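Visitor: Listed in order, the protein sequences are those of chains R and U. Count along the first sequence from 1, then add 21; that gives the number in our numbering. Count along the second sequence from 1, then add 5; that gives the number in our numbering.
I should point out that these hints are in silico values taken from the structure, not numbers from a laboratory. A portion of the hints provided could be inaccurate.
[Unchecked claim] Keeping only pairs whose Cα atoms sit at most 20 Å apart, straight-line, the calculated SDA-like set for lysine to any residue is:
| # | chain 1 | residue 1 | chain 2 | residue 2 |
| --- | --- | --- | --- | --- |
| 1 | R | Lys267 | U | Leu257 |
| 2 | R | Lys74 | U | Val272 |
| 3 | R | Lys376 | U | Ala264 |
| 4 | R | Lys74 | U | Ala113 |
| 5 | R | Lys170 | U | Ala264 |
| 6 | R | Lys267 | U | Ala118 |
| 7 | R | Lys376 | U | Phe266 |
| 8 | R | Lys376 | U | Arg120 |
| 9 | R | Lys371 | U | Phe89 |
| 10 | R | Lys204 | U | Pro114 |
| 11 | R | Lys204 | U | Ala264 |
| 12 | R | Lys376 | U | Gln271 |
| 13 | R | Lys376 | U | Pro114 |
| 14 | R | Lys267 | U | Asp145 |
| 15 | R | Lys267 | U | Ala113 |
| 16 | R | Lys170 | U | Thr8 |
| 17 | R | Lys376 | U | Gln265 |
| 18 | R | Lys267 | U | Gly117 |
| 19 | R | Lys344 | U | Gln265 |
| 20 | R | Lys170 | U | Thr7 |
| 21 | R | Lys376 | U | Val272 |
| 22 | R | Lys204 | U | Phe266 |
| 23 | R | Lys204 | U | Val116 |
| 24 | R | Lys371 | U | Ala90 |
| 25 | R | Lys376 | U | Pro269 |
| 26 | R | Lys376 | U | Pro122 |
| 27 | R | Lys74 | U | Pro269 |
| 28 | R | Lys74 | U | Gln265 |
| 29 | R | Lys376 | U | Val276 |
| 30 | R | Lys267 | U | Leu81 |
[As the list claims (entries may be wrong)] Which stretches of chain U does chain R cover? Using the computed rule of at least three CB atoms under 8 Å from a CB of chain R, they are:
| # | segment |
| --- | --- |
| 31 | 112-121 |
| 32 | 207-216 |
If you're wondering where the values come from, they're calculated on a predicted model, not measured in any experiment. Cβ atoms here follow ideal geometry from the backbone N, Cα and C, with glycine treated the same way.
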Amino acid sequence: MFSRSIIGILAGAAALALSAGGAAAQQKLKIGFIYVGPVGDHGWSYQHDVGRKAIEKAFGDKVETTYVESVPEADSERAIEQLARTGHGLVFTTSFGFMEPTVKVARKYPNVKFEHATGFKRAPNLSTYAAKFHEGRYIIGQIAGKMSKSGTIGYVGAFPIPEVVAGINAYFLGAQSVNPDIKIKVVWANSWYDPAKEADAAKALLDQGVDVIAQHTDSPAPIQAAEARGKFGFGQASDMERFAPKAQLTAIVDNWSDYYVARTKAVLDGTWKSDDTWGGLAANMVVMSPYKNMPDDVKKMAEETEAAIRSGKLNPFKCPVVKQDGAEVECKGSGALSDEQVLGMNFYVKGVDDKLPQ
Amino acid sequence: MTTFEAILLTIVTASTPLLIAAMGELVTERSGVLNLGVEGMMAMGAACSFAAAVTFESTLLGVLAGMVAGTLMAALFALVVLGFAANQVGSGLALTILGLGLAGLIGAPFVGARRDPVPPIDIPVLSELPVIGRLFFEQDLFVYGSIALTVLVAFYLNRTRSGLMLRSIGENHASAHGLGLPVWRVRFLAILFGGACAGLAGTYLALVYTRFWSPGMTAGRGWIALALVVFAAWRPGWALVGAYIFGAATVLQLHAQAAQFGVPSQVLSAVPYLATILALLLLSIRRGRAVGAPGSLGLPFVPDR
């Protein structure tokens, strides 16, 4: 008697759940985004939000998007779970530091599909995606190598994590390929986003003889500092030309729109499956903004390099890659370092005259 | 320009917003009110000044708007902590959160806009002097203003009747009230002054330091200003020293990295904060007690109690 009533309750609950599920299927697909910075950062989070808007434009009434901005990485689990709990069918978490919380929430909500940017942990309902920014950084390295008159180029880094280190190496290898004597100075801001400090970091580099600056922090402050001193820089994540019309040589633009639209379509079609996507120039996930403020021969070189990387003829980390101490890195890819080696890069290449903070 | 001069110039830029904000908070705290909302008032100052400067294409109106924004935020705080005798710590924290949020809202249409730099004032002949020339005689108006502000605040607090009144209210508001001093009015004005200064500091960030606006660009400088007041033991002169030590530590660690000293950058980044803690420690050892805090600091004032 007792057990039967339990079964009855369970059956009722199951029927209710089914009908709720059926109703939800006819509703809009709700898509949530978690950003690490403000959408107004002009950089990383801003570009993800451009991707979100592309989804809205492509699917109109069929989708509904929400975003939570400036979510601290240490406290992101609540924000992610909140989205999962409020009926979102697809959730994008857009910073490396959101990895563990995303994995945890994904385990709790198997019916919600998750997409984590720049991470490496996947699950049946959790995909990862990232872009090969180092391809763009090789190109800007070549431009820097040609444009530097002082022979010293600079780099403002956020944190010494593999993604940033690989970017510095690609930048330097590019510069070295056109100017074997080039030197590089690296300054860590130890922050992704602190405009005033990023500006100070750039000024410190400029004061010490650097005349071309690349940055891997999110605000336009470093390139703006270069503009104020009549030197050169590169836009990061988005086109920063309006902040530095005379200084910006080009910008490495993150283009998430195509990927976001494709993944949304997959969910709507029911063809979504857990995957790992790492696209570069060829996949249009990394886009170079127009080459400006440089002589025609440098521009031509940049365009040729871009085409060579796009077609697969050139890999920034083609073997042999030599570490600072002169030791050659084992070549695990075909003719170049493997994806895993690039994603886990924790050494400087030979010629970088700096000690990597560990 | 030598590297040395260049470094000194950057230090001045890094220190000025800290000094301006700290000076405002110092006066507020000397009157016995603890306003933890500096960060929020700064953010509002940055957003409103930038919005006004871009809209009206005028730096002057930008500066005014920044100061008015800070003052209005402070007035709200004053209403809560003076009018309703609410808890100052809680109200101040709320003000920070409110300020950061409101600033994001006000600034949203101005994301991506840019301003041309505010030209420095070039004092002829003197600015040609070696080393000190550019350092002392070719800065923007804010820098000179911040130094003048320090001198004026020091003079006001220590040499005027009104300053004495403000200090005695901060030390013991019950006695001051008993003597017939206008506790509320003085505190209200002191809070407004603090807000105007915080707004001006935010203005400096948005119009001079980075010349664009983006949410969260104050990046904790309001909190550093609060720490500086404690560091300075509530004295204007020491706040000036502290602001420059902090600015110098921030800038020098970046130069140390660029010069490849081989010290981990994480350690160098922590240097300014370590310097603050060390200074606090030294100060308190020397005097052997909680240094110079106004006696009524943070306590709500209710006359009939």
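Visitor: Each hint: holds or not?
Guide: Hint check results:
1. The hinted pair formed by Lys267/R and Leu257/U fails the criterion: a straight-line CA distance of about 28 Å is larger than 20 Å.
2. Among the hinted pairs, Lys74/R with Val272/U is inconsistent with the structure: their alpha-carbon atoms are about 40 Å apart, more than 20 Å.
3. Simply put, Lys376/R and Ala264/U have alpha-carbon atoms about 11 Å apart, close enough for the 20 Å limit, and the pair holds.
4. Between Lys74/R and Ala113/U the CA atoms are separated by roughly 16 Å; this keeps the pair inside 20 Å, and the hint holds.
5. Restraint check: the Cα-Cα separation between Lys170/R and Ala264/U comes to about 19 Å, which is no more than 20 Å; the hinted pair holds.
6. With a C-alpha separation of about 16 Å, the suggested pairing of Lys267/R with Ala118/U holds against the 20 Å cut-off.
7. The suggested pairing of Lys376/R with Phe266/U holds, with an alpha-carbon distance near 9 Å, which does not exceed 20 Å.
8. For the suggested pair Lys376/R and Arg120/U, the alpha carbons sit about 37 Å apart, so the restraint of at most 20 Å is broken.
9. This hinted pair does not check out: Lys371/R and Phe89/U have alpha carbons roughly 65 Å apart, beyond 20 Å.
10. A C-alpha spacing of about 41 Å is found between Lys204/R and Pro114/U, which places the hinted pair above 20 Å, so the restraint is violated.
11. Of the pairs offered as hints, the one joining Lys204/R and Ala264/U holds, with about 12 Å between alpha carbons and a cut-off of 20 Å not exceeded.
12. Our distance criterion of 20 Å between C-alpha atoms is met by Lys376/R and Gln271/U, whose separation comes to about 13 Å.
13. A distance of roughly 42 Å separates the Cα atoms of Lys376/R and Pro114/U; the hinted pair therefore is violated under the 20 Å criterion.
14. Restraint check: the Cα-Cα separation between Lys267/R and Asp145/U comes to about 23 Å, which exceeds 20 Å; the hinted pair is violated.
15. Between Lys267/R and Ala113/U the alpha-carbon distance is near 26 Å, which puts this suggested pair outside the 20 Å criterion.
16. Restraint check: the Cα-Cα separation between Lys170/R and Thr8/U comes to about 18 Å, which is no more than 20 Å; the hinted pair holds.
17. Distance restraint check for Lys376/R and Gln265/U: the Cα-Cα separation of roughly 8 Å lies within the 20 Å cut-off, and the hinted pair is therefore satisfied.
18. At most 20 Å may separate the alpha-carbon atoms for a hinted pair to count; Lys267/R and Gly117/U meet this at roughly 17 Å.
19. Between the alpha carbons of Lys344/R and Gln265/U the distance comes to roughly 18 Å, so the proposed pair stays at or under 20 Å and holds.
20. Using a Cα cut-off of 20 Å, the hinted pair Lys170/R and Thr7/U holds, with the two alpha carbons roughly 18 Å apart.
21. Among the hinted pairs, Lys376/R with Val272/U is consistent with the structure: their alpha-carbon atoms are about 14 Å apart, no more than 20 Å.
22. The suggested pairing of Lys204/R with Phe266/U holds, with an alpha-carbon distance near 16 Å, which does not exceed 20 Å.
23. Annotation: proposed proximity of Lys204/R to Val116/U is violated, straight-line Cα distance about 35 Å (limit 20 Å).
24. Restraint check: the Cα-Cα separation between Lys371/R and Ala90/U comes to about 64 Å, which exceeds 20 Å; the hinted pair is violated.
25. With a C-alpha separation of about 8 Å, the suggested pair Lys376/R and Pro269/U falls inside the 20 Å cut-off, and the hint holds.
26. With a C-alpha separation of about 35 Å, the suggested pairing of Lys376/R with Pro122/U is violated against the 20 Å cut-off.
27. In summary, the hint linking Lys74/R to Pro269/U is not supported, as the alpha carbons are separated by about 40 Å, beyond the 20 Å threshold.
28. Proximity of Lys74/R to Gln265/U is assessed by CA-CA distance (about 43 Å); at most 20 Å being required, the pair is judged violated.
29. With a C-alpha separation of about 19 Å, the suggested pair Lys376/R and Val276/U falls inside the 20 Å cut-off, and the hint holds.
30. Simply put, Lys267/R and Leu81/U have alpha-carbon atoms about 43 Å apart, too far for the 20 Å limit, and the pair is violated.
31. With 5 residues carrying a beta carbon less than 8 Å from a beta carbon of chain R, the segment 112-121 of chain U meets the three-residue requirement, and the given coverage holds.
32. Beta-carbon proximity to chain R at under 8 Å applies to 4 residues in the segment 207-216 of chain U; the threshold of 3 is reached and the given coverage holds.
In summary, the numbered hints that this structure violates are 1, 2, 8, 9, 10, 13, 14, 15, 23, 24, 26, 27, 28 and 30.
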